[in-house]
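Given only the sequences and the hints, what does the whole structure look like? Please build it.
So the protein sequences, as listed, match chains A and B.
Following numbering that gives the first Met the number 0, the numbering of the first sequence begins with 0 at its first residue and continues without gaps.
Following numbering that gives the first Met the number 0, the numbering of the second sequence begins with 0 at its first residue and continues without gaps.
Please note that the accuracy of each hint is not assured.
[Claimed, not checked] Going by beta-carbon spacing under 8 Å, a handful of chain A positions derived as facing chain B: (1) Asn9; (2) Val13; (3) Leu61; (4) Ala71; (5) Arg74; (6) Leu76.
Since the hints were made in silico from the structure, they are not lab data.
We put the beta carbon where it would ideally sit given N, CA and C, even for glycine.
So the chains spell out like this:
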Amino acid sequence: MTANRYERMNELLVQALERRAAERDDFLVASCGDDVELLAELRELVAHSTAEEDDAFSESRLARKRSLVGEALSRGLSRGEEMGGALAEPTRVGAYRVVEKIGEGGSGIVFRAAAGDGADVALKVLRTPEASTKALRRFRRECQILEQLDHPGIVRILDWGVGEAETAVGSFTLPYLAMEFIDGRTVPRWIAEDAPTLGERVALAAGVADALAHAHAVGVLHRDLKPGNVLVEADGRPRVLDFGAAVMRSIEEEESGTRLTGTGQIIGTMAYMAPEQVAGDSSLVDAQTDIYALGALLYEMISGEPPHDLEGLSLLASIRRIREEDPRPLKKVAPGCPRSLAALVQRALARRPRDRHADLRALARDLRARRW
Amino acid sequence: MTGEPGRPDTVVQLLDRVRRGDASASSELLPLIYEELRGLAQSIFRAQNPGHTLQPTVLVHDAFVRLVQSDVQLEGSRHFYAVAAKAMRQILTDHARARHAQKRGGEWARVTISDRAVSGGEFGDVDVLDLEEAMEDLARLNPRHAQLVELRFYGGLTIEEAAEELGVSRQTAVNDWTMARAWLRRELSRGREG
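Structure (structure tokens):
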């Protein structure tokens, strides 16, 4: 059956049921014309609609179901209250013992956890146990893609799968992803605590460009690069995190539509998003989009502020500003920035993707071309 | 993306967000109710066997009444029931698949024939796996109809609540339900014959 035919059957069924019982069959015969199959199907549907079937779809059974589900909800909630009001977090996931929570994002929670041999790992688990077969398939596919990334500037995937998560309110089956535990600081913390020189900041950005260039070479885009997604290790080298939003370009071409999961998430990372990315058409997102994000990262590392001031703007107004206006000139926000560096950053932030650097290797080369 | 990083919202804060119509807060509460829903699913399966009758006592806990249904109750609890509906569908289907696999694996002696169909009052005599198959077909023909059935059949939402959850008028939901229910009844009766 096709959706169109289903639609047609729906219309005729509703119209038939609006008529008196004695007139229904004449109406159906007149409406179906030569389509005897349609007529037969509609007669069946009318019979199923009018018979007083006391089956699982009857209103009285649905009402009882509602009260059963309500009971389950109330028991669960009161148990949550008894536990002191905090939501239960897993103490163990699969073979990993959870030590502490270290972060939270749109797609999941990240814990520091101990592997069987006692080694620290960063364990990302999906937030809720409602993952559908489709979501799990996507999770597997993304993990397989991420496993291909092998670069000193990218956090490595150690293990992934679906494991039993034990919590105070019971155990759930959750997808998890174990990554190297990096003892580093995010870029904003590094800047606040160490006050690195301009040269050190640019060198870090060049390292991020190298890591992203490697990812692009194997067909993975980051799509969500921002200061919080780059960790700085004790020796000053960057490690790029959270390729979670990354998908192979080939898969990207197959599927359309934006993959951002909620308004809140869009707003959260909006300040680092390229004009073509906020358009909501993921087919426009390509390697140039990561170049823009790196430009935005560098802009903020130099000036302390993101390229666009979106403070207090609605989602729509933010999108308009990113698409229609150039970022505030970097020299204005950070007067001490060398003119040539400001020009380089502005170029990476060009509104038209083709006006940016040709690729990340070119950008990395430009960043290393002189001592800032 | 709410609250401070490293500090999860408490149940009370989440319920407050649910009440204000924040649908994502409902799914964050899911771990709390998941075990209960699983228990409910098990009792539905067990209800088949003589001696294990399901007790449909309505014992709505006052905590739930107080926290969720106190002021703008419908708005908040509706989201919550919708989340529960999705979870119930998943749990029941997984459970039925597991039993099915167990039976095919030769451990038939431990599973009675009556386990196959999930009957027991509230679910009538619908075979969960047949229903899941029909639901997947329905989702291809009309995704909104499949969502409506999910909300009503697995979560017990009323027509009015389901209409609001789906963002359609009551009349549209009534028409959708008429068609979806008739279509599923027909599909399921065919399944049993075949």
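Here is how each hint holds up against the structure:
1. Contact between Asn9 (chain A) and chain B, as hinted, is supported at the beta carbon level, the nearest pair being about 4 Å apart and thus within 8 Å.
2. Interface hint status for Val13 (chain A): upheld, as the beta-carbon distance to the closest one in chain B is roughly 5 Å, under 8 Å.
3. Satisfaction of the interface hint for Leu61 (chain A) is found here, the shortest Cβ-Cβ separation to chain B being roughly 5 Å, below the 8 Å cut-off.
4. Among the interface hints, the one on Ala71 (chain A) holds; its C-beta lies about 4 Å from the nearest C-beta in chain B, closer than the 8 Å criterion.
5. A hinted interface residue such as Arg74 (chain A) counts as satisfied when its beta carbon comes closer than 8 Å to some beta carbon of chain B; here the least separation is about 5 Å, so the hint holds.
6. Because the smallest distance between the Cβ of Leu76 (chain A) and any Cβ of chain B comes to about 6 Å, under 8 Å, the interface hint for this residue holds.
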